[in-house]
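With these hints in hand, go ahead and build the complete structure from the sequences.
Just so you know, the protein sequences line up as chains A and B, in that order.
In this text, residue positions in the first sequence follow the working numbering: the first is 25, and each later residue adds one.
In this text, residue positions in the second sequence follow the working numbering: the first is 25, and each later residue adds one.
It should be emphasised that the hints constitute simulated quantities derived from the structure, not laboratory data.
Since the structure is predicted, the reported quantities are computational estimates derived from the model, not experimental observations.
Where hints are given, some of them may not hold.
No copy labels: a pair is met if it fits in one copy or bridges any two.
With a straight-line cut-off of 27 Å between C-alpha atoms, the simulated DSS-like cross-links for lysine-lysine are [what the hints assert, rightly or not]: (1) K145 with K190; (2) K264 with K172; (3) K151 with K172; (4) K321 with K386.
Chain residues, written in single-letter form:
2 protein chains.
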Amino acid sequence: MAKPEFFPVILAGGRGTRFWPLSRKAFAKQLLPLNSEQSMIQETAARLLPLAPAENFWIITNQHLRPAIGRQLKQLPRKQIVAEPMGRNTAPAIGLAAFILYRRNPKAVLGLFPSDQVIAKEKKFRKDLAEGIRLAAAGDNIVVMGVKPTRPETGYGYIEAGAAYKGSATRVRRFCEKPKEDVAKQFVAAGNFYWNSGMFLWSAQTLVNALRQNLPNTAQQLEKIAAAWGTRKFEAALKKFYPQCDDKSVDYGILEPRSAAGEEGSNIFCVPADWGWNDLGSWAAHFEHRMAQGKQKHNVINAGDTFLLEAEGNYIHAPGKFVAAVGVHNLVVVDSGDALLITTLERSQDVGKIVKYLDAQKNSKLV
Amino acid sequence: MAKPEFFPVILAGGRGTRFWPLSRKAFAKQLLPLNSEQSMIQETAARLLPLAPAENFWIITNQHLRPAIGRQLKQLPRKQIVAEPMGRNTAPAIGLAAFILYRRNPKAVLGLFPSDQVIAKEKKFRKDLAEGIRLAAAGDNIVVMGVKPTRPETGYGYIEAGAAYKGSATRVRRFCEKPKEDVAKQFVAAGNFYWNSGMFLWSAQTLVNALRQNLPNTAQQLEKIAAAWGTRKFEAALKKFYPQCDDKSVDYGILEPRSAAGEEGSNIFCVPADWGWNDLGSWAAHFEHRMAQGKQKHNVINAGDTFLLEAEGNYIHAPGKFVAAVGVHNLVVVDSGDALLITTLERSQDVGKIVKYLDAQKNSKLV
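Now the structure itself:
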């Protein structure tokens with residue numbers, strides 16, 4: 025079998041409000057250099073580029089973020105950085121790419137990738153992905169990349185793996201929503217549960233068929249948009265028909281109905297892996313991640329220079345400034361120039377509430 | 025008796041390092057608007073101006089602070105803002121003014137005033153001061169203004185009042201150094217102890233005589249400098265002779281030896297008063313003071329706008345910025361543009377250690 029054409033579709037429409045005040049509507053989490061000198065989306069593209077030529081990349085984002093993404097990813101084809109006229113969740117986003125690519129090559133394999141996750145072990149990631157791509161190319165298969173859980177996390181969905189298939193791949197028994205803590209503990213203990221990474225692989229044909237079957241209205245709208253691709257009417261078609269798509273995720277709109285066919289009948293597979301995966305869901309998660317990287321001791325600080333006296337476990341971001349911390353612990357202090365966030369690691373999940381407040385205030389400068 | 029000529033001498037050479045990062049070598053605590061829209065030294069001058077014409081004011085400071093003081097107090101005679109070539113404590117500072125004014129009018133009354141204190145009850149202050157001025161003019165008397173203590177503070181010196189004299193004035197039995205807490209409690213309970221406000225009153229003649237008797241070397245140097253006052257040689261004389269003065273405070277250099285003569289013989293008097301006096305010795309003291317003013321609830325915040333969620337008892341200074349505080353308590357966060365201080369109210373006394381560190385690093389930009 026010839027090597028399948030592979031098209032990475034990177035979803036980059038999220039706001040990542042929990043990284044306020046650094047994340048903004050026009051400069052979301054995926055644009056921030058949270059893991060290295062590169063931004064999250066630059067890292068995402070860089071780790072996929074060995075698997076597909078730049079001209080195969082698609083990015084689905086929104087109008088606010090599109091300019092900054094274009095500036096950060098100059099090597100990708102600008103016209104394939106598509107701005108949704110309004111957020112319509114993951115099924116229409118990947119579906120749009122599927123209908124366009126289906127017209128070119130129904131057997132092309134599409135991969136759906138979040139744009140704001142850390143993957144420490146890139147080689148392992150690409151090896152597992154290559155296995156997934158082969159599996160997705162082999163027929164009417166849907167492949168989900170499963171992350172080996174390292175803790176009973178209640179913030180993620182889980183995948184229950186079923187019978188072994190080829191290589192490390194297994195069939196998928198079921199998808200489980202975010203569990204309570206005791207259930208999460210059982211999942212981790214059982215050994216055949218994986219975190220749903222949000223990364224899926226399938227051929228254009230498989231996805232188009234799945235959309236037609238499970239989300240027929242969405243499929244109709246996307247077909248009309250795809251017909252205009254490459255013409256001057258594309259933007260108008262996108263603007264007109266995309267908002268009419270159903271606001272459904274891949275998980276609820278496609279995988280759940282399909283998995284009703286049972287482990288044997290659904291043709292959904294899981295490629296499980298241990299990649300040092302981290303979705304950096306909050307300042308606290310970012311703090312933990314930076315501490316684990318081991319480059320800084322006691323505190324994670326981005327500043328010009330520092331004086332620290334009995335100060336440990338703090339996340340401080342004040343680039344260029346002299347930071348003096350005395351007798352403080354487990355704080356998060358982020359200076360964005362126009363705003364100053366002061367909270368604790370424990371409360372850093374609540375940062376989204378600040379953005380909600382600013383949204384309600386129609387404070388467009390700070391969100 | 026004619027109303028005595030009164031000359032306020034404001035001491036403004038201190039660094040006030042505990043207000044770092046706002047206070048700097050060239051912009052010390054007395055230049056900060058900690059109590060109102062006006063700076064501390066502007067308030068000090070304003071509350072004394074009803075008692076003496078502007079041309080009677082003297083300010084003893086240092087070369088770093090002189091330019092900023094000149095800008096803040098344009099109504100005072102520029103040549104009477106004197107910069108010590110090096111810090112020589114309070115006795116030479118007030119002594120210099122005494123020797124200069126002695127040549128003009130030996131009976132002139134000089135008042136020594138710190139430049140960085142809050143006095144809430146200004147009318148009461150001026151009434152008590154007027155009584156002190158009359159007493160100081162009446163002979164070879166030294167008058168110290170005593171603040172009625174409101175708590176067993178261990179950070180101040182105390183004055184033990186003796187026999188009643190005229191009006192509210194008493195003789196002074198002794199000066200007590202900063203006491204331990206149990207002793208401070210006894211002082212407050214006894215009822216005849218006062219905080220040493222650092223404000224003294226005496227005639228030029230009395231002070232000149234006291235210096236000649238107790239600090240003869242200092243008196244000699246000051247006499248040489250005073251002889252050059254009003255000539256082109258003044259700055260050179262100041263530079264040459266002032267550093268040769270003894271590094272002594274008024275308390276140790278003059279009052280202690282004199283009080284050895286006993287309550288009756290020393291002619292030292294205390295005018296006790298209740299002025300809402302506060303020396304704002306730290307960010308925590310400033311926080312308490314601002315809370316007591318009652319203009320802000322729960323937190324003291326200087327910022328553009330705020331979002332507060334379960335955040336109380338914090339002192340936050342980030343002018344112009346949007347400040348979001350979530351789940352934090354009793355913190356001090358001060359953003360000076362080039363530096364960011366993060367500490368607690370409890371630890372705010374340790375801010376001076378940061379300045380010591382920066383001094384040791386020869387970091388002239390940040391101190």
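Could you tell me which of the hints above the structure violates, numbers in ascending order?
The structure conflicts with hint 2 only, although it agrees with all the remaining ones.
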